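Asks: Each chain, written out:
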Amino acid sequence: MLEDLVEFVAKSLVENPDAVVVESEETGRGVTYYLTVDPKDMGKVIGRQGKIARAFRTLLSVAATREGVRANLEIREA
Amino acid sequence: MNSIRSVEISATTVDEAIDLALDQLGLSIDDVEVEVLRQPDEPDEHGFVTDEALISVSARSAPAPQRPARGRGAQRSGSRRELTPGERMHVSQVGQEALSDLLHHLGLIASSRVDPASVTTTQTDAPVVLEVEGEDLGVLIGKRGENLDALQYILNLMVQKWVGIWPNVSVDVAGYRARREEVLEQLAKRMVRRVVETQQPFTFEPMPPRERRIVHLAIQDDDRVVTESLGEGDERRVVIYPAE
Numbered sequence: 003m004l005e006d007l008v009e010f011v012a013k014s015l016v017e018n019p020d021a022v023v024v025e026s027e028e029t030g031r032g033v034t035y036y037l038t039v040d041p042k043d044m045g046k047v048i049g050r051q052g053k054i055a056r057a058f059r060t061l062l063s064v065a066a067t068r069e070g071v072r073a074n075l076e077i078r079e080a
Numbered sequence: 010m011n012s013i014r015s016v017e018i019s020a021t022t023v024d025e026a027i028d029l030a031l032d033q034l035g036l037s038i039d040d041v042e043v044e045v046l047r048q049p050d051e052p053d054e055h056g057f058v059t060d061e062a063l064i065s066v067s068a069r070s071a072p073a074p075q076r077p078a079r080g081r082g083a084q085r086s087g088s089r090r091e092l093t094p095g096e097r098m099h100v101s102q103v104g105q106e107a108l109s110d111l112l113h114h115l116g117l118i119a120s121s122r123v124d125p126a127s128v129t130t131t132q133t134d135a136p137v138v139l140e141v142e143g144e145d146l147g148v149l150i151g152k153r154g155e156n157l158d159a160l161q162y163i164l165n166l167m168v169q170k171w172v173g174i175w176p177n178v179s180v181d182v183a184g185y186r187a188r189r190e191e192v193l194e195q196l197a198k199r200m201v202r203r204v205v206e207t208q209q210p211f212t213f214e215p216m217p218p219r220e221r222r223i224v225h226l227a228i229q230d231d232d233r234v235v236t237e238s239l240g241e242g243d244e245r246r247v248v249i250y251p252a253e
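If you read the sequences in order, they're chains A and B. Numbered per the numbering used here, the first sequence spans residues 3 to 80. Numbered per the numbering used here, the second sequence spans residues 10 to 253.
For the record, the hints were derived by calculation from the structure and aren't laboratory data. Just to be clear, a hint being listed does not mean it is correct.
Covered by chain B, per the in silico footprint, the following chain A stretches (three or more residues, Cβ under 8 Å) [as the list claims (entries may be wrong)]:
(1) 8–16
(2) 51–60
(3) 66–75
Cβ-Cβ distance ranges computed for the label pairs, FRET-style [what the hints assert, rightly or not]:
(4) S26(A) x V248(B): 36 to 46 Å
(5) G147(B) x A21(A): 33 to 43 Å
(6) R78(A) x R89(B): 25 to 35 Å
(7) D232(B) x E17(A): 29 to 39 Å
(8) R199(B) x V71(A): 53 to 63 Å
(9) D232(B) x T38(A): 48 to 58 Å
Source: prediction; values computed, not measured. Glycine included, every Cβ here is placed at the ideal spot set by N, Cα and C.
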């Protein structure tokens with residue numbers, strides 16, 4: 003569910019959706035999602051001064067709150 | 010001198026109808042007022058549905074004020090500029106679809122609708138407004154609307170990818186933005202009275218950019234005071250000073 007959200011938003015923002023990969027890892031206090039995108043698309047998911055990444059994390063926390071979990075988002079270059 | 014000053018035209022899209030009308034009138038988009046009388050697939054006054062848009066285009070009585078780089082070609086190349094009526098329609102459709110998808114992925118049982126007045130408005134710098142309706146939407150608003158701002162920002166980026174320009178979509182939940190704007194305007198005016206009485210500056214709580222803008226705008230015409238934003242990032246606040 004949360005993974006779908008991360009994938010949906012990421013694919014909607016980037017130029018190369020085929021390169022979008024989302025992996026998750028359970029941590030003690032919640033779930034961490036690792037988002038990998040095409041190096042050329044890093045700016046599309048991070049934004050100037052991290053503005054897009056911040057909004058992305060806020061959206062993820064909205065969905066996570068609904069599910070009663072904590073969720074983190076980490077963005078990585080392919 | 011062209012004697013025709015106003016035409017009504019139908020075509021399959023609003024954009025196409027506008028282009029036809031401008032050709033007939035021999036005017037550019039900046040010289041006319043466009044009113045969308047009927048969208049494609051919207052029933053006419055007799056209840057008949059056609060797949061054609063109907064618009065009315067009239068020449069402005071006075072020439073449009075001189076603004077730099079406002080030819081149609083120049084407008085289309087910029088990524089941040091005001092939307093044409095056809096683009097407003099397109100943005101509202103793409104935006105509503107993307108918003109529905111987002112709400113679904115957020116696990117919310119909610120629907121979205123387009124505020125029709127925000128699509129047909131001739132105030133070209135006004136946002137296209139999408140309204141979210143549903144149950145338990147407090148989480149979507151968040152503290153000082155920060156969740157709603159994040160949703161709105163991501164949605165604008167998504168729609169921008171489709172339409173090629175900054176779409177200026179505003180997302181509201183159960184009238185939150187309108188209510189908040191009213192609260193901030195009244196607060197601002199109350200604080201102006203206090204500053205005028207005490208001749209001491211007043212500093213607001215930190216606010217997001219959109220809210221600071223509302224406060225500045227509410228006060229800007231009052232020459233008894235001046236306003237300024239101070240601080241960085243999440244700590245940025247509006248300050249009201251007594252005028253000299």
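Asks: The structure should be examined with respect to each hint, and the outcome stated for every one.
Replies: These are the hints, each one checked on the structure:
Coverage of the region 8–16 of chain A by chain B holds. Counting CB-CB distances below 8 Å, 4 residues qualify, and the rule asks for three or more. For the region 51–60 of chain A, the proposed coverage by chain B is satisfied: 6 residues have a C-beta within less than 8 Å of a C-beta in that chain, meeting the threshold of three. Counting residues of the region 66–75 of chain A whose CB falls under 8 Å from any CB of chain B gives 3; the rule of at least 3 is met. The supplied range of 36 to 46 Å is met by S26(A) and V248(B), whose beta-carbon atoms lie about 45 Å from each other.
In this structure the hint that G147(B) and A21(A) lie 33 to 43 Å apart at CB holds, the actual value being about 36 Å. Evaluation of the 25 to 35 Å hint for R78(A) and R89(B) yields a pass: the beta carbon distance comes to about 30 Å. Restraint check, D232(B) to E17(A): a C-beta distance of roughly 49 Å breaks the suggested window 29 to 39 Å. In this structure, R199(B) and V71(A) break the distance hint of 53 to 63 Å, their C-beta atoms being roughly 42 Å apart.
The hinted range of 48 to 58 Å is satisfied by D232(B) and T38(A), whose Cβ atoms lie roughly 55 Å apart.
Taken one by one, the earlier hints fail for this structure at numbers 7 and 8, listed in ascending order.
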